[in-house]
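Letter by letter, the chains look like this.
There are 2 protein chains.
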Amino acid sequence: MNWDSETLSRVIRTAQGQCPADVCVRGCRLVNVFSGKIETVDFAVQDGFIVGWGDYSAEQTIDANGMYACPGFIDGHIHIESTLLSPAQFCAAVLPHGTSAVVADPHEIANVLGMEGIRFFLEATEKLPLDFYFNLPSCVPATPLETSGARLSASDLFSILPHPRILGLAEMMNFPGVLNCFPDVMDKLLLFQKANLDGHAPQLAGLGLNAYLATGISSDHECTSFAEAREKLSKGMTIMLREGSQSKDLAALMAVVDDYSWPNAMLVSDDRHPDDLLREGHMNAIVTRAMQLGMDPVRALTLATLTPARHFGLARRGAIAPGYIADFSLSPSLNPWTPVRVFKNGVEVAREGELLSDQSSWPSAHLPSSPMNVARLSVEDLATPAENGLLRVIGVREGTLLTRKLLEQPTTIDGAIVSDTKRDILKVVICNRYTAGARPAVGFVNGIGLAVGAIATTVAHDSHNLIAVGADDQSILQVLDAVRHTGGGLAIGAAQDGIEVLPLPVAGLMSDRPLAEVVERLESLKAKAKAFGSPLHNPFMALSFLALPVIPELKLTDLGLVDVSTFSFVPLFQAE
Amino acid sequence: MNWDSETLSRVIRTAQGQCPADVCVRGCRLVNVFSGKIETVDFAVQDGFIVGWGDYSAEQTIDANGMYACPGFIDGHIHIESTLLSPAQFCAAVLPHGTSAVVADPHEIANVLGMEGIRFFLEATEKLPLDFYFNLPSCVPATPLETSGARLSASDLFSILPHPRILGLAEMMNFPGVLNCFPDVMDKLLLFQKANLDGHAPQLAGLGLNAYLATGISSDHECTSFAEAREKLSKGMTIMLREGSQSKDLAALMAVVDDYSWPNAMLVSDDRHPDDLLREGHMNAIVTRAMQLGMDPVRALTLATLTPARHFGLARRGAIAPGYIADFSLSPSLNPWTPVRVFKNGVEVAREGELLSDQSSWPSAHLPSSPMNVARLSVEDLATPAENGLLRVIGVREGTLLTRKLLEQPTTIDGAIVSDTKRDILKVVICNRYTAGARPAVGFVNGIGLAVGAIATTVAHDSHNLIAVGADDQSILQVLDAVRHTGGGLAIGAAQDGIEVLPLPVAGLMSDRPLAEVVERLESLKAKAKAFGSPLHNPFMALSFLALPVIPELKLTDLGLVDVSTFSFVPLFQAE
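These protein sequence lines map, in sequence, to chains A and B. Heads up, the first sequence is in our numbering, so the first residue is 40 and it goes up one at a time. Heads up, the second sequence is in our numbering, so the first residue is 40 and it goes up one at a time.
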């Protein structure tokens, strides 16, 4: 906020009713996050700020017709990349759901593009009608077991901290590094002592949790049990109750929110897949879910507005009160929260789910490059000779990111292992997309279930190399090539068939097309995968986590097969 | 906090029990301000910070013997000058009561010494075992109707804002200036938009309150009724529940603190007179008072620890939890809170009310000058010729700062008005102590009740000129002269008797002697005033508010008699 004295004086005069306000919202039931009450009031807006409640005359009158008014939602922890949308398309997608601000962790784009990716996010969000704040990704690369597009040191991150929309360091997921005092982790914690330090410490408890907190890390979004959340809260940690597309923890955690602990709790999404975003919305859906699980409606709304604003020190945000930014939505009911009219800085930006803001007038950011240093591969590049012993196979299951270590007899042709669709043991290939001339890594996976064809994606946590799995080498080569030519994205195809692609031109992670279009294309790809025999709800999602070597048990990165239990590389074959 | 990696690593290892802690407090009942519960735990301290709860080995073990442990108290709004103690003596006085941090408004010293006074406070508190934070006085001078020692512009104040212990702007008491958009007030509000903006808005409500809040002012300590506090809280204001020596508002306001509003409430003293400080203590007394009025004990303690820390963004303060500064006290009971052992940064600094910290080792600040540009006065200087009409007399009453406008026939000798002890109409004299050669202002007051002698003081809100009242001119001249020679302070004496003085060498406002000594001397002065006939509990206090032209109805400043209802000067005589 950069007022001059003329603006300040105008606001003061308007608040006293000495001149008409820009907007007056009449007859609403205001959700008061300070008193916990619903108050029937009229309120006025001037220069984008709430100036007060009372009988105001105004240039524009909004008849709320008895609807409830709630402050704009703030998602305190989200990876925008999870929506597959560019920042502008994300903004267009979430505004109609009543979101007015997000605190994002650009972890994915930073793993691809490093500082360039972070700067792109800052630039692309500069003048959008949604307030984007960022915490800087603390773990790029996430592990030494894969090749990422960048390596961000403590000083790299610190160099950009003065930016007014950067709040601090994002989820410190390297909690073993904290507990073991790794020098690069110490550097980050020390340089960010005066900034926000977000945590990520699944199941950390007791003395280990004490040590993690003693560093000044102040929040966690990885709690999955009541006991875990209760211990963390009682030790002063802010608990982000996560209800994402992937992980849904609200039901398990809700009971920790009580009359003492609520100021240190908030609702967050962490991730939001495009189909969920299209069908259910964003924070409105999470708030409604909390109410349906039995949370007091005003408290649920408070945990998506005031408490995240306070945790992150976002001034003048999180309430409808004099001096606060005029971000709010109107809903005919508390439960469900259905934001039929949405206002940002006092201007109506969406109605009945439709964006009113003229998206074509939003400034468009220069799209960053999407690294694709991958040569055209041949069948020979995928050839994998059989060896003595049993083949280590990654076991994928629906509904979990955990994989199993399987040991199988390989199916071979002329001494080379091949995809065996009957036994559902398929070849998976990962190409380092950052280093020219790198050899692809090849492994095998059970559970994807393709009977024909192949799928590929550049969304492959956390380094986002190019990964493909398929029923035969030709199909794999085809989809790899399709993604390669597209510059990043998702693809599906079969050797005897055409290729269908969802291009993700922004770093190979995000589309610059509208949400509905992305979902339509994605659904088409998923339908085709189903037609090709995959039993998974979303085989692209399963594929995108196959290369993440921090989640047990067996994963494949561009550098080879990883046994996560020992955090080390293992050969494809285990000697009998 | 400025840790290096060695310290951070040591803290992390100690928290995990890998090496002995500095201190372990065993068997205490910990007041958990996050959970609202009392938890029986052991906790460890390393490098001045709490590292966690659990079974820790340590160099030093403190057996809490089942006592309660509460975080160090934080007084979110206090004028240190009200204690008549220099910062170091204030520190020595409040530490044994469990106070570990204060947010002070150096309004009084700034009115005397301007920036020099503020810098003195910063320097004098730099290395004391108490954390002093400051908000910058927003109204120096408080009014144009008196001569102060300084005039602080918005840019003067802004120049010192970068100091790490300056939080923002202190109580914006010029609320008419806010509502009427006075340019100097606008400048201050604009320059401090990103900092803390404390309010002071007695009885402001409705649209006026809206306008005040729209500027970003976020707190108020002037509520005196439940309805007032409720409106302010519901509009997002943080309410400082004041229980000072002068104003006691807790009983009236307490009911506004509920399960929704408590994070936006805190307990403060505003002022604390030396006798109260000696006999009752500081925040411990206020917390105990809240409990005795029926507030849940954990909530009362939370409102003196966590909520002020959060309001002012004081990192790692306000709780006993991993990563928090090890400031705490131990009490055998919750109600009353009796801090028998007090720890600051993990070191025991007081026991059973006695300071353990070696006060002689504290750095002593260079005392600032105490302006005393007052010439020796003669009887002629005090001569006040009678005029036609009735004499305007200031009516003082016990227990209120409000005065009445009285109209009386003057008692004269040879055409000059004299103090009339029979009717208790005494001469009062104020000397501008900042401008050499200024003429004293003379007025008359009823209610002080001195039958003989005179009293004088340089504590005279808000400009702190030299003021005296007495039964005869000779006595007045004597006490004025005594204070003048002392360089500031309080004095009492009679022409036929000796003069007794409480020297206040720090700007004429504060003593550099210990609390007990100050109280002993003050009691002696008050006893003498009683012996001289004053019926007031503390006539020096009454005198110190006689020159404050913002409190109705009639006041005398160095520039003359002020009718506060019209905010203008009036002559001594009102024509009949």
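Check before you lean on any hint, since a few could be wrong.
Identical copies go unnamed one by one, so any copy, or any two together, can satisfy a pair.
[To be verified] Derived DSS-like pairs (lysine-lysine); straight-line CA-CA distance at most 30 angstroms:
{"hint": "1", "residue 1": "Lys-233", "residue 2": "Lys-166"}
{"hint": "2", "residue 1": "Lys-233", "residue 2": "Lys-461"}
{"hint": "3", "residue 1": "Lys-567", "residue 2": "Lys-233"}
{"hint": "4", "residue 1": "Lys-166", "residue 2": "Lys-569"}
{"hint": "5", "residue 1": "Lys-166", "residue 2": "Lys-76"}
{"hint": "6", "residue 1": "Lys-76", "residue 2": "Lys-567"}
{"hint": "7", "residue 1": "Lys-461", "residue 2": "Lys-567"}
{"hint": "8", "residue 1": "Lys-444", "residue 2": "Lys-567"}
{"hint": "9", "residue 1": "Lys-287", "residue 2": "Lys-166"}
I should point out that these hints are in silico values taken from the structure, not numbers from a laboratory. Please read all numbers here as calculations on a predicted model, not as lab measurements.
Evaluated hints:
Taking identical chains as interchangeable, the C-alpha atoms of Lys-233 and Lys-166 lie at most 30 angstroms apart whether they share a chain (27 angstroms) or sit on different chains (21 angstroms). Within a single copy, Lys-233 and Lys-461 get their C-alpha atoms no closer than 57 angstroms, and across copies no closer than 65 angstroms, so neither meets the 30 angstroms cut-off. Proximity of Lys-567 to Lys-233 under the C-alpha cut-off of 30 angstroms is found in neither arrangement, the shortest distances being 50 angstroms within a copy and 54 angstroms between copies. In the homo-oligomer, the alpha carbons of Lys-166 and Lys-569 never lie at most 30 angstroms apart, since the shortest distance is 41 angstroms inside one protomer and 70 angstroms across protomers.
In this assembly of identical chains, Lys-166 and Lys-76 lie within 30 angstroms of each other by CA distance neither inside one copy nor across copies; the values are 34 angstroms within and 45 angstroms between. For a Cα distance limit of 30 angstroms, the shortest separation of Lys-76 from Lys-567 qualifies neither inside one copy, at 50 angstroms, nor across copies, at 56 angstroms. Proximity of Lys-461 and Lys-567 under a CA criterion of 30 angstroms is satisfied intra-copy only: 19 angstroms inside one chain copy versus 107 angstroms between copies. In this assembly of identical chains, the alpha carbons of Lys-444 and Lys-567 lie at most 30 angstroms apart only when taken from the same copy (28 angstroms versus 91 angstroms across copies).
In this assembly of identical chains, Lys-287 and Lys-166 lie within 30 angstroms of each other by CA distance neither inside one copy nor across copies; the values are 32 angstroms within and 49 angstroms between.
Of the numbered hints listed earlier, those contradicted by the structure are 2, 3, 4, 5, 6, 9.
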